[in-house]
Amino acid sequence: MILYLHGFRSSPRSFKAQLMAARMHRLGLGHDWACPQLPPSPLAAVVDAQRLLTGVSADELTIVGSSLGGYYATYLAEKVGCRAVLLNPATRPYDDLGKWLGEQPMWHGGGSIVVEPRHLDELRMIDVAQITRPERYYLVAATGDQTLDYRDMVAKFPGAKLTLIEGSDHGISDFANYMDDVLRFAGIDVAPSPDAASPFAGK
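Numbering (our numbering), first residue to last: 1 to 203.
Just so you know, the hints here were simulated from the structure itself, not pulled from any lab data.
Each hint should be verified, as a subset may be incorrect.
In silico EDC-like cross-links for lysine to aspartate or glutamate, where the CA-CA straight-line distance does not exceed 20 Å [what the hints assert, rightly or not]:
id	residue 1	residue 2
1	K161	E122
2	K161	D145
3	K161	D181
4	K79	D59
5	K161	D189
6	K79	D127
7	K99	D121
8	K99	E122
9	K99	D145
10	K99	E116
11	K79	E122
12	K161	E78
13	K99	D149
14	K161	D180
15	K79	D96
16	K161	E60
17	K79	E116
Make a model of the complete structure from these sequences and hints.
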């Protein structure tokens, strides 16, 4: 199973989530894919995510987290003992999101969320100071991330499998080039695919 956790102000409609969902369905593995809409409360988000994992063996699970979702994925991977793929993950969101308190528009499909001071406290509550078993982690970090510093990501996950993308951006708009590596890390046998030319790339 792959559980995909989206980032701040994002949703299952993000291009990376859609790209992975489409690939999983083409591989006949749509039943092994989950990508919930996460609530603004970090504690509620990890509780909702963990509820989807009931009955799933840690050896059969990979959590893929993008940005803030990568922060959640780290917490859950340590708690559950599964693999995690981190796509430009947030490392100190309790500091970074302080400037985003209040009502914030969603990136996809309209609507908004309200970020409250207590959410910053909740983020601190689920912080992972140091990962265990780094071989369970795969970090994909872009040097061109305009939102987060890739050097913080690399320092946070010493010993993890690493793909360091020269350039790109926070959303990893060229994610199609790396998606099959993510799936292989999750233990999925992927066939050659045309995804590198996906129309989603760059969006």
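Each hint, compared with the structure:
{"no.": "1", "hint": "K161 to E122", "verdict": "violated (28 Å)"}
{"no.": "2", "hint": "K161 to D145", "verdict": "holds (19 Å)"}
{"no.": "3", "hint": "K161 to D181", "verdict": "holds (11 Å)"}
{"no.": "4", "hint": "K79 to D59", "verdict": "holds (13 Å)"}
{"no.": "5", "hint": "K161 to D189", "verdict": "holds (18 Å)"}
{"no.": "6", "hint": "K79 to D127", "verdict": "holds (12 Å)"}
{"no.": "7", "hint": "K99 to D121", "verdict": "holds (14 Å)"}
{"no.": "8", "hint": "K99 to E122", "verdict": "holds (16 Å)"}
{"no.": "9", "hint": "K99 to D145", "verdict": "holds (18 Å)"}
{"no.": "10", "hint": "K99 to E116", "verdict": "holds (11 Å)"}
{"no.": "11", "hint": "K79 to E122", "verdict": "holds (16 Å)"}
{"no.": "12", "hint": "K161 to E78", "verdict": "holds (16 Å)"}
{"no.": "13", "hint": "K99 to D149", "verdict": "holds (17 Å)"}
{"no.": "14", "hint": "K161 to D180", "verdict": "holds (15 Å)"}
{"no.": "15", "hint": "K79 to D96", "verdict": "violated (24 Å)"}
{"no.": "16", "hint": "K161 to E60", "verdict": "holds (19 Å)"}
{"no.": "17", "hint": "K79 to E116", "verdict": "violated (25 Å)"}
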